[in-house]
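**Student:** So the chains spell out like this:
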Amino acid sequence: MTAIRITGGRIHDPANDVDGEIREICIQDGKVVDEVGPDARRIDARGMVVMPGGVDIHAHIAGPAVNAARRLSPDERRDHPMDRTEVLRSGTGGLVPSTFATGYRYSLLGYTTVVEAAAPPLAARHVLAELRDTPMIDKAFLILMGNNQVLFELIRESGGGVSARLRDAIAWWLQATGGYGVKLVNPGGVELWKQSNGNVDSLDDDVAGFGVTPRQVLEAIGGAVDELGLPHPVHIHANNLGAPGNADTTLDTMRTLAGRQAHFAHLQFHSYGGKPGGGLGGSVSRAPELVDYLNDHPELTADIGQVMFGPAVTMTADAYVSALLRDLDGGKWISHDTEVETGCGIVPYRYRAGNYVHALQWGIGLELFLLARDPWQVMLSTDHPNGGSFLSYPKLIRLLMDRAFREDQMGRANQRAIRRTALPDGLDREYTLNEIAIITRAAPARRLGLRDKGHLGIGADADVTIYHDRADREDMFSTPRYVIKGGELAVEDGDLRRADDGLLLSSRAGFDPDVSRVLEPLFGARYTVAFEHYPVRDPALREPARIVEAVRK
Amino acid sequence: MAEPGSTDGPVTCVGCGLLCDDVTIERSGNGIRLQPPCGLGAEWFSARAGRSARAPAATVGGQPADIETALARATELLRAARRPMLHGFDAATVEDARAAVALADRLGALVAIDGVTGAWPGAPAVPLRGAATATLGEIRDRSQLVVVWREDPETTHPRLLDRLGFGAGSSSRLGGERTLLVVDERDTATAGRADLRLRWARERDLEALTGLHALQRRLALRGTELVVELGGLLERINAVRHATFVHGPGLTAGAGGQRRLLALHELVRALCHDRHVVTLALPGAAGTRGAQDVLSWQSGYSGNVDFGTGHPELVTATRPLAAGEGVDVSLRIEGAPADPLAGIPEISLGSLPAPAAAVSIRTAAPGVHAAGTAHRLDGVPLALQAPLPGDAPTAAALLTRLLGEFAP
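Read top to bottom, the protein sequences are chains A and B. Residues 1 to 553 (this note's numbering) are what the first sequence spells out, left to right. Residues 1 to 408 (this note's numbering) are what the second sequence spells out, left to right.
Please keep in mind that the hints were generated in silico from the structure rather than gathered at the bench. Some hints could be false.
Listed next, with one range per pair, are the computed distances between beta-carbon atoms [as the list claims (entries may be wrong)]: (1) Gln35/B x Asp83/A: 47 to 53 Å; (2) Arg204/B x Gln195/A: 52 to 58 Å; (3) Arg497/A x Thr24/B: 49 to 55 Å; (4) Val551/A x Leu40/B: 35 to 41 Å; (5) Thr2/A x Ala338/B: 48 to 54 Å; (6) Pro408/B x Asp44/A: 45 to 51 Å; (7) Asp514/A x Ala338/B: 47 to 53 Å; (8) Asp29/A x Gly343/B: 19 to 25 Å; (9) Lys31/A x Ala356/B: 44 to 50 Å; (10) Glu76/B x Val551/A: 57 to 63 Å; (11) Ile67/B x Asp44/A: 47 to 53 Å.
Calculated from the model, a selection of chain B residues having no Cβ within reach of chain A, i.e. all distances over 10 Å [said to hold, decoys possible]: (12) Leu78; (13) Glu95; (14) Gly256; (15) Asp293; (16) Ser299; (17) Leu352; (18) Ala371.
Note that the Cβ used here is the ideal one computed from N, Cα and C, for glycine as well.
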C-alpha cells in the first residue's frame with residue numbers, strides 16, 4: 001500500500017489536542033504512523049488545513065426507505081446525472097442519490113465514514129447489499145428496535161426493566177443483521193400508527209395490546225444497550241417529533257435515561273415549545289432549555305438535524321409524522337409498514353425561508369449549535385435528506401463559522417420566527433476550525449466508539465481530508481484539495497482518483513445462544529419469514545468488515 | 001438433498017413472487033412435492049431438478065458448446081452491438097441483477113425490467129403520487145378486509161391467501177373476523193374463496209375506483225350504474241380499522257393501466273385519513289421486485305433505464321419496449337422460457353433451455369442449485385438456498401465474466 005507524508009499543513013486533530021499546529025502526518029499501510037521511508041509520496045499541504053476524514057453519525061443513505069424515495073422522485077434526479085468513467089460507475093445525484101453517487105459525493109466532500117441511521121432489521125439483506133454498492137466510505141447501520149413486538153413481549157415479561165433475555169435478544173439481533181447499534185424511533189408510537197393511525201402523546205401512554213409504555217421501552221432497551229457496552233449508546237428519535245410543545249417530551253426522555261449513555265438524533269426537530277395539539281404556527285423555540293440540560297449531562301449527546309432552506313426529502317420510520325406532512329404538503333407520499341418492527345413514511349418537502357415554521361426550525365438548529373457549551377455533545381447533521389442534503393454541510397459550516405454570513409441569512413428568513421429564537425440576542429459565537437473538526441469528525445467517531453477514526457494519532461485509520469484554507473468556509477469545505485481514505489489517495493482537486501469499496505462496520509456483543517429458543521416461538525407467531533432464514537450469513541454481504549466488540553459493564 | 005425419498009428444508013421457493021421460505025422438499029420416484037403443498041412451486045423445482053445431468057452447459061447457434069466458447073461468442077455479439085438490451089429477470093437473484101446493471105453500465109445498454117412484457121404501463125403511477133404498502137405479516141395480522149382486485153392469486157401466487165391468514169387454521173392474530181372480497185367478473189379460483197364478490201367488467205375499473213373515491217368524499221355519483229356496489233364496498237371499508245387492496249397486472253396491464261393504478265393509490269390515500277389502508281402489488285415473476293430494487297439503487301430509477309448516454313436515463317414506456325428502441329442484441333437473464341425477440345440475436349443466461357438463442361448458457365437455478373438473495377413481492381429480502389447439487393455457474397458469475405471482457 002501507498003506510503004504518504006503530508007507536510008506543512010495546519011493540523012486540526014482535537015481528539016489529540018492538536019489545534020492548528022503545523023506538523024507532519026505519515027501514512028503507511030492504511031494507518032497513521034510515526035515515520036515513513038524516503039520513497040513515500042509527499043503531499044505539500046502548506047497553506048492548507050488537515051483534518052481527520054469526516055464522520056456522519058446520522059444520515060439515510062441505504063435501505064428500502066431510501067430506495068423507495070429514489071423511486072418516488074425520478075424527476076428530482078433527472079438534472080443530476082453522473083457519467084461513468086474508467087474507474088467510476090454512473091449514477092444520479094440529487095437529494096437521494098443512487099448508491100455509487102452517494103459514496104462518491106461523500107468522498108468528494110471529505111467524509112470517509114457514514115452511519116445509516118434507520119434500518120429495519122428484517123430488511124438487513126437489502127441494506128447490506130446497498131451498502132456494498134456504496135463505495136469510498138466505511139459505513140455502519142443502526143437497527144430499529146423501538147417498536148419491535150418481540151422486544152415488547154420481553155419488556156412486558158420483565159416488568160418494564162432490563163432483563164438478561166432482553167440483553168441477549170438485542171445482541172442476537174445485532175449479530176443476525178450485521179448492525180452496529182440500536183435505534184429507537186418514536187417508541188411505541190409507530191406500533192399505534194400501524195394499528196389504526198394512532199400515536200402516543202406521552203411516555204406513559206399504553207401501547208395497546210402489548211402492556212408496555214414508551215418509557216418502559218426507553219428504560220429497558222436503553223438500559224440493555226448500556227449494560228451490553230455496545231460501542232454506540234442507544235440512538236433515540238424521541239416521541240412527538242415535530243409537534244408543538246415536544247420539548248417537554250424530549251426533556252422527559254432525557255430524564256428517563258439520566259445517568260445512562262444516550263444519543264439523541266436530530267434534536268432540532270424535538271425542541272419546540274407551544275401548545276401540545278396546537279398548530280405548528282404556534283410553535284416557539286425551547287432550544288435553550290434543552291441545551292442547558294445537555295450542558296449538565298455529559299452522558300448525553302445529540303446530532304442536530306439542521307434544516308436548510310431549499311428542497312429536502314422527509315424520510316422516517318416515524319410514519320405518523322409523515323402522514324402529517326402528507327396532509328400539510330398535499331404532494332407525494334409513501335408509507336410502508338414492516339411487520340413486527342417498524343413503519344416508514346416519505347414525503348418530498350421544501351423548507352422556505354419566509355415560512356414561519358421553517359424559519360423557526362432553521363433558527364432552532366443554529367441555536368442548539370451556538371448555545372452548546374461543549375461541542376463534543378452536538379454533532380453536525382441535517383438528518384440527510386430530511387433537513388436537506390449532506391451536500392449542504394459546507395453551507396451549514398459557514399453559518400456556524402461566519403457571523404456576518406449568518407446574520408445575512410437571518411435577515412432573509414421569516415423575522416417573526418427569528419425573533420422567537422436566541423439568534424438576534426447577541427449570539428455572536430463563531431465556531432473555530434477545531435470546533436468544526438470536533439462536530440464533524442472527532443465527536444461522532446468518539447460517540448460511535450470508533451477508536452481508529454476521527455483522529456490522526458499514531459495507529460488511527462489513515463482517513464484524512466486536506467482543505468485549502470479559504471476565508472469562504474463554504475467554498476473551503478465544499479472542495480477538499482485531497483481526501484485520503486484507508487491510506488490511499490481517493491480525491492485530488494475535486495476529482496475521484498480511485499474506487500474503493502469501503503468497510504462495513506459492525507458491532508458484536510456476547511449473548512447466551514439459548515436466547516434462540518425464546519425468540520423462535522415469538523418469531524413464529526409474528527413474522528412471515530422463517531426464523532432460521534432471518535440471520536444474514538452471506539459473506540458477500542457482510543464482508544469486508546470491521547467488527548467492534550462491545551465491552552460489557 | 002439429492003437422494004430419492006429424502007427431504008430437505010425449510011428452503012425458499014422461487015416459484016412465484018411470494019418466495020415462501022417455509023418449504024420442505026420431498027423427492028420421490030414421481031418427482032418433487034412440496035410441504036406445504038404448492039403446484040406452482042413443485043413445478044418450479046421439478047423443471048430444474050436433475051437438469052444439469054441432461055442439458056449441455058451451453059449452446060451456440062443451437063449446437064452444444066462449452067462455456068468458454070459460448071462466452072466468447074456472447075462477447076463478440078455484445079462488442080458488435082450498438083444497442084444491447086438486458087431483460088428477463090423472472091428468476092434473477094439480487095446478485096444477478098447487481099452484476100447485470102454493472103454490465104449494462106459498462107456497455108451503455110438498455111435495462112428493461114418492465115418494458116418487454118408485463119405491467120409496463122402501470123409502473124409510472126407511484127412516482128406521480130406515491131403509495132401505501134405493507135409486508136405480508138402486517139396485512140395478515142391487521143387487515144380486517146382484504147380486497148383482491150381482478151387478480152387470481154390462487155393460480156399465480158397459490159399460497160398468498162393462506163399466508164394472509166385466510167382459510168382453515170388461519171395464522172392471523174385477528175382470528176376469524178375478516179373478509180375476503182374479490183372484484184372480478186370471472187369465476188376464478190380466488191373468487192371461489194371470496195366471502196363477497198363484486199362483478200363488473202374490467203373496462204369499468206377506472207369508473208369504479210374514481211367513483212369510490214367520489215363517494216368517500218361524499219360527492220354524488222352520476223353517470224354510473226355501480227352506485228349500489230360502490231356504496232356497499234365503501235360501507236365495508238368504513239366498517240374496519242385496517243384494509244388492504246391486492247392488485248396486479250389485472251388492473252395495470254394494457255392501455256389506461258397507469259390511470260387505473262393512479263386512481264387506486266389516490267383512493268387509498270384518501271381512505272387513509274380515517275383508517276389504515278394499504279396496497280399489495282403482485283409482480284409477474286419472482287425476480288422482478290429484486291431486480292427493480294437493484295436498478296433503483298444503482299441507477300436511481302426503476303422500470304426501464306437506458307445507460308446509452310454514459311449515465312442512467314429513465315425510459316418511460318408507453319408500449320412494450322424492444323420493438324421501437326433499435327435494440328440489436330438481447331441479453332436475457334434468468335428469463336422465463338420465451339421466444340427470442342423477433343429478428344434480434346439473443347444471448348440467454350438461464351436455468352432452462354433456450355434453443356432458439358444465438359448463445360445460451362445454462363445457469364445454476366436460483367433457489368435450486370444456487371444460493372443468493374431475492375426480494376419478496378412486499379420487498380422483504382430473503383435468503384435463497386441451494387438444496388440440490390449442481391455444476392453450472394450462476395448468472396451473476398457469467399455476467400461478471402462478461403464485464404471483465406469489457407474492462408476499460
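**Student:** With reference to the structure, classify each hint as holding or not holding.
**Tutor:** Hints, verified against the model:
For Gln35/B paired with Asp83/A, a C-beta distance near 52 Å keeps the hint of 47 to 53 Å intact. Range check, Arg204/B to Gln195/A: Cβ separation about 34 Å, and the 52 to 58 Å hint is violated. Range check, Arg497/A to Thr24/B: Cβ separation about 52 Å, and the 49 to 55 Å hint holds. Between Val551/A and Leu40/B the beta carbon distance is about 51 Å. The supplied range of 35 to 41 Å is therefore violated.
Distance hint check for Thr2/A and Ala338/B: the Cβ-Cβ separation is about 50 Å, which falls inside the suggested range of 48 to 54 Å. The hint said 45 to 51 Å for the Cβ distance between Pro408/B and Asp44/A, and at roughly 31 Å that hint is violated. Between Asp514/A and Ala338/B the beta carbon distance is about 51 Å. The supplied range of 47 to 53 Å therefore holds. Range check, Asp29/A to Gly343/B: Cβ separation about 56 Å, and the 19 to 25 Å hint is violated.
In this structure, Lys31/A and Ala356/B break the distance hint of 44 to 50 Å, their C-beta atoms being roughly 57 Å apart. Checked against the hint of 57 to 63 Å, the C-beta distance between Glu76/B and Val551/A comes to roughly 58 Å, which is consistent with it. At roughly 52 Å, the beta carbons of Ile67/B and Asp44/A sit within the given window of 47 to 53 Å. Every beta carbon of chain A lies more than 10 Å from that of Leu78/B, the smallest distance being close to 16 Å; the non-interface claim holds.
With a least beta-carbon separation of about 7 Å from chain A, Glu95/B fails to lie farther than 10 Å from that chain, contradicting its non-interface assignment. The beta carbon of Gly256/B sits about 21 Å from the closest Cβ of chain A, which is more than 10 Å, so the claim that it is off the interface holds. Not every C-beta of chain A lies more than 10 Å from that of Asp293/B, the closest at about 6 Å, which undercuts listing it as non-interface. A cut-off of 10 Å between C-beta atoms contradicts the statement that Ser299/B is not in contact with chain A; the least separation is 6 Å.
No Cβ of chain A comes within 10 Å of the Cβ of Leu352/B; the nearest lies about 25 Å off, and the non-interface call holds. The Cβ of Ala371/B does not lie farther than 10 Å from every Cβ of chain A; its closest approach is about 8 Å, which violates its non-interface assignment.
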